[in-house]
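Novice: Take 1 as the starting number for the sequence shown in the working numbering and just add one per residue.
Any given hint could turn out to be false.
Said to hold, decoys possible - FRET-style restraints, in silico, Cβ to Cβ:
1. Q186 <-> H41: 50 to 56 Å
2. N286 <-> G64: 47 to 53 Å
3. F183 <-> G64: 50 to 56 Å
4. H213 <-> L173: 20 to 26 Å
5. L91 <-> A66: 17 to 23 Å
It is worth saying that the hints were derived from the structure and are not from the lab.
Just so you know, these numbers come straight off a predicted model, no measurement behind them.
Where is the CB? At the ideal position from N, CA and C, for every residue including glycine.
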Amino acid sequence: MNDHRLLGFVTLLGVGALHGPAVWIQTLRSLVDLAPDVLPHVDQVRTSDHGTLAQFAMLGTRDGSAFEIPQINVSELDELGRIHRLDVYDLDQLDQARARFDAIGAQTASDPLAAFAQPNAVTAATPATRFANAATRAWDRMFTFWRARDWQRFAQPLSVGFRYVDRRRMAQLELDRDRFVEFTRQLGDMSSARLETEVLATRGDRLALLPFHVEVADAEIGPSELEYVNLIEMSESDEVVMWVRFDVDDLDAAYAELDARYDAGEAAAHARASAWLRGFLRAFANRDWDTLPALCAPTLVADDHRLVGWGTLRGPAAWVQALRALVDLASDARYHLDHVRLSDRGWLAEGAMRGTRDGGMFEIPSIAVGELDELGKQLRGDLYELDQFDQARARFDAIGASTTRDPLAAFAKPNAATAAMDRLQAAFDARDWPGVRAACTPDAWFEDRRRQALVSGDIDLWLADMRGMPVLAPNMRFARSLIGAAGERLALERHLWSGGPPDGPVEIEGLFLVEVDETG
1 MNDHRLLGFV TLLGVGALHG PAVWIQTLRS LVDLAPDVLP HVDQVRTSDH
51 GTLAQFAMLG TRDGSAFEIP QINVSELDEL GRIHRLDVYD LDQLDQARAR
101 FDAIGAQTAS DPLAAFAQPN AVTAATPATR FANAATRAWD RMFTFWRARD
151 WQRFAQPLSV GFRYVDRRRM AQLELDRDRF VEFTRQLGDM SSARLETEVL
201 ATRGDRLALL PFHVEVADAE IGPSELEYVN LIEMSESDEV VMWVRFDVDD
251 LDAAYAELDA RYDAGEAAAH ARASAWLRGF LRAFANRDWD TLPALCAPTL
301 VADDHRLVGW GTLRGPAAWV QALRALVDLA SDARYHLDHV RLSDRGWLAE
351 GAMRGTRDGG MFEIPSIAVG ELDELGKQLR GDLYELDQFD QARARFDAIG
401 ASTTRDPLAA FAKPNAATAA MDRLQAAFDA RDWPGVRAAC TPDAWFEDRR
451 RQALVSGDID LWLADMRGMP VLAPNMRFAR SLIGAAGERL ALERHLWSGG
501 PPDGPVEIEG LFLVEVDETG
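Let the hints inform the model, and build the full structure from the sequences given.
Specialist: Structural data, given as structure tokens:
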């Protein structure tokens, strides 16, 4: 182990390097002895055949105070997948870490047969690697076992509480883990069974949308073809917990389900970026040209890196004008998202602008990266071609690296209270006042302890308060960020209400403590 940090184990121990697993493990144990609650929090990972590069931080508490030890680790693996060499760097030594990681890849012996291996029906079915996540990797494993007709191992990634929901018009059924495996096996065990699939869309690390094309035949069944779309959702422990199936012509419902599950799960940890993205899509779809500038900081810079693009635009007005010009050319233009990743102050999305022009359909695919300021306003936007993914990813990673991380954020996890607020926020955004009321119990109690308010009352008072917000500013929205959670029923959030015209925006910030009952 080589520790290149200014103050690392090598410096403290006065040695050139640490040799052997026992010494390395002892350094980890010494850290745990100082802080029993210390845990690694991984932010970014890159992998090659024989190496990994990981940016992460050790988070814990010592003498009543939280601490964070950020670092970059580069691991070289042997042929059995064991760590052969480990190099540790400070964050400002990223270039050295990348050079070490690249050197591992350069010295890896290439497979002489690889040049002769061409994609086929099997390799073409694997998910796109650039947006691979836990859900697509789980399906990769299951697909391998499906082809081998190994149904016992096919079931391994499924959680004990797994549910399968079939929303196809001719099905409409719900199955548990064992019945789903048997249901799948009925087709897979036919004398002729072929499955083709691809990755259609992903959200974060735990959700994926995959279309299936199945061709089967058996002694008593002639050749048949089936097509449908599957939504796969993972748990934090990397188990498949939900599988929802849709007809291929019901893609809107499939995407709506994908977004709803993302908003209620992973996206809740990045409420600021999630709220901005929802607000943009809604405003653009509604051609709400007054709301779009309010989503941006006055100093917005939008860089279009595509071969044929806008160039560099400065200020909200120029950015909105570029969007309006596109709509002027194609009034039915819609922005459709396929892949989304979020961070505290940024987002990366691959999608396409689709519409019709002169009687023909068009599609403009792109990758967009956005950076937000501390108020949730877009500070910078970047557009890329699909083949510029590495540049887009580097830009997205840079946003995360430049954001000062709250050391307590890793311990604040979404729970039933944040899920209830997700439903309430969605209802407020839609101005669905019955929906807002439905998110609360009949005896819900509201207290506003801000110095300028100091009022309390029942659900009717709170609902009246919320209904008054759009009166203050018709485009009023609120962004949420999770500060802390206690158990399943308590959550503390930071809320930022914003709206109004670009020349006189309204912003109200405060802390909100929410408690839910046992039903959520």
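Novice: Against this structure, judge whether each hint is valid.
Specialist: Hint check results:
no.: 1; hint: Q186 <-> H41: 50 to 56 Å; verdict: violated, 43 Å
no.: 2; hint: N286 <-> G64: 47 to 53 Å; verdict: holds, 50 Å
no.: 3; hint: F183 <-> G64: 50 to 56 Å; verdict: holds, 54 Å
no.: 4; hint: H213 <-> L173: 20 to 26 Å; verdict: holds, 21 Å
no.: 5; hint: L91 <-> A66: 17 to 23 Å; verdict: holds, 18 Å
In this structure, only the earlier hint numbered 1 is contradicted, and the remaining ones agree with it.
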